Amino acid sequence: MTRLDHDSPPASAGSVAQPRVAVVGVHGYGTAHILNALELQDRGLLRLVALVDPESGPVVRDGVRIADDRLPPRLGSIDELLGRVPVDIVVVATPLQTHASLAVAALRAGADVLLEKPPVTDLVSLAAVDDAVRATGGLVQVGFQSLGSLALTELQRQIGAGALGTPVAIGARGSWTRSTGYWTRSRWAGRRQLDGQRVADGAVANPFAHAVMTSLRIAGWESAAAIGRIETDLRRVNPIEADDTSAVRIRPSALGALTFDGTLTCAFTLAGPREEEPVVIVRGTEGDAVLSYTTDRLSIAGTERQYARVDLLENLIAARRGVAELLSPLSGAGGFVRVIETVSDAPVALVGSEHVDWNGEGGERRPVLAGVESALDRVVESQSLFSELPGLPWR
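In numbering that gives the first Met the number 0, the protein residues as written are 0 to 394.
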């Protein structure tokens with residue numbers, strides 16, 4: 000693949016030079032990537048050389064504006080970036096349906112990519128990015144930050160050492176609350192399709208994507224071929240196309256059973272009464288483990304420990320230098336993409352209004368689904384779907 004000619008050559012993977020980084024997608028979660036890049040720049044690990052976004056306006060994170068004098072020039076498109084600015088790493092933090100095309104463009108221009116989760120929304124798009132990786136030799140790291148957690152590393156070590164006996168079930172549980180403003184924050188929010196493209200912005204595919212991917216990593220089901228049967232039970236209380244309350248049950252193929260021959264069950268809601276730490280639970284014949292993947296805490300046999308986390312952009316920089324392996328490579332996301340593609344094609348049932356209480360006003364109005372926390376617990380404990388739970392009023 001021919002690389003674009005720039006004013007200066009790209010830093011080689013083995014070079015110790017600071018890689019030149021651009022962030023595509025300035026608003027929304029892109030601001031977190033900008034702040035992270037600035038921190039790594041202050042440590043001398045990279046140079047932030049450009050931002051890309053067709054929308055103008057200040058860069059704001061958690062209500063705080065990032066000073067303009069801290070920021071590099073902003074361009075209006077990735078074509079402008081790749082045609083004018085020498086860049087070694089492109090961070091893509093744009094609407095879900097644009098990830099594949101932007102990643103391919105960056106790879107073909109000779110850059111490596113940090114691709115925000117979900118990396119793509121279907122297997123066809125995954126194959127397109129995979130093809131570009133093979134053709135260019137570029138690296139693609141997916142922004143599943145939980146895969147950089149040393150708590151996950153320790154859990155995998157403990158499982159391998161037999162601390163839990165034989166794992167028989169993995170469960171992912173998450174209960175968050177989201178306002179109506181969350182679903183009106185952009186044109187693609189809560190959509191399954193937009194302008195003829197698959198978006199898949201539901202609870203499983205986006206807010207709780209880390210829970211799904213972390214569970215699949217523990218199971219060893221990282222390829223699409225490792226997934227056998229996927230059963231879904233998707234609900235919504237909001238006026239959206241996608242799911243906001245979800246149960247998914249996954250069984251392995253013969254290939255997947257080589258690493259984990261059990262059931263992986265996911266139970267999520269964005270209509271909970273409060274924000275709770277999402278967890279991944281591994282049940283074994285001789286004990287259980289609970290991983291809080293957002294806080295890097297791991298509990299085994301009643302003993303809880305806090306662990307550190309490796310930054311994925313820093314890990315990508317190390318991988319370019321040949322001193323580390325990618326912690327969240329695109330090659331490990333096939334199972335995840337298989338799951339969210341299946342979810343985005345499955346039916347979603349509207350929960351009756353009699354089961355939902357609404358609190359607040361305007362864009363801060365929030366739904367609370369009756370009994371949802373207990374329902375999530377029961378789904379994970381029994382490896383059931385909502386429709387299989389006796390006594391659940393909205394089943």
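Derived by calculation from the structure, the hints in this document are not laboratory data.
Check each hint, because a few of them may be wrong.
To be verified - Derived DEER-like restraints, expressed as beta-carbon distance ranges:
id	residue 1	residue 2	range
1	57	369	38 to 48 Å
2	136	392	48 to 58 Å
3	156	276	15 to 25 Å
4	41	276	44 to 54 Å
5	69	254	39 to 49 Å
6	224	344	15 to 25 Å
7	59	287	39 to 49 Å
8	363	310	40 to 50 Å
9	78	386	42 to 52 Å
10	164	69	47 to 57 Å
11	59	285	46 to 56 Å
12	69	346	45 to 55 Å
13	346	41	40 to 50 Å
14	253	362	47 to 57 Å
Just so you know, these numbers come straight off a predicted model, no measurement behind them.
All C-beta atoms in this analysis are idealised placements derived from N, C-alpha and C, irrespective of residue type, glycine included.
Status of each hint after checking the structure:
1. 57 x 369: 38 to 48 Å: holds, 41 Å
2. 136 x 392: 48 to 58 Å: 55 Å Cβ-Cβ, so the 48 to 58 Å window holds.
3. 156 x 276: 15 to 25 Å: For residue 276 against residue 156, whose Cβ atoms are near 22 Å apart, the range 15 to 25 Å holds.
4. 41 x 276: 44 to 54 Å: violated, 30 Å
5. 69 x 254: 39 to 49 Å: With Cβ atoms ~48 Å apart, the hint holds.
6. 224 x 344: 15 to 25 Å: holds, 19 Å
7. 59 x 287: 39 to 49 Å: The hint (39 to 49 Å, Cβ to Cβ) holds, given that residue 59 and residue 287 are roughly 42 Å apart.
8. 363 x 310: 40 to 50 Å: For residue 363 and residue 310 the Cβ distance comes to about 33 Å; the hint is violated.
9. 78 x 386: 42 to 52 Å: holds, 48 Å
10. 164 x 69: 47 to 57 Å: holds, 52 Å
11. 59 x 285: 46 to 56 Å: Because 49 Å falls inside the window, the suggested range holds.
12. 69 x 346: 45 to 55 Å: holds, 47 Å
13. 346 x 41: 40 to 50 Å: holds, 49 Å
14. 253 x 362: 47 to 57 Å: Given about 49 Å between the Cβ atoms, the range holds.
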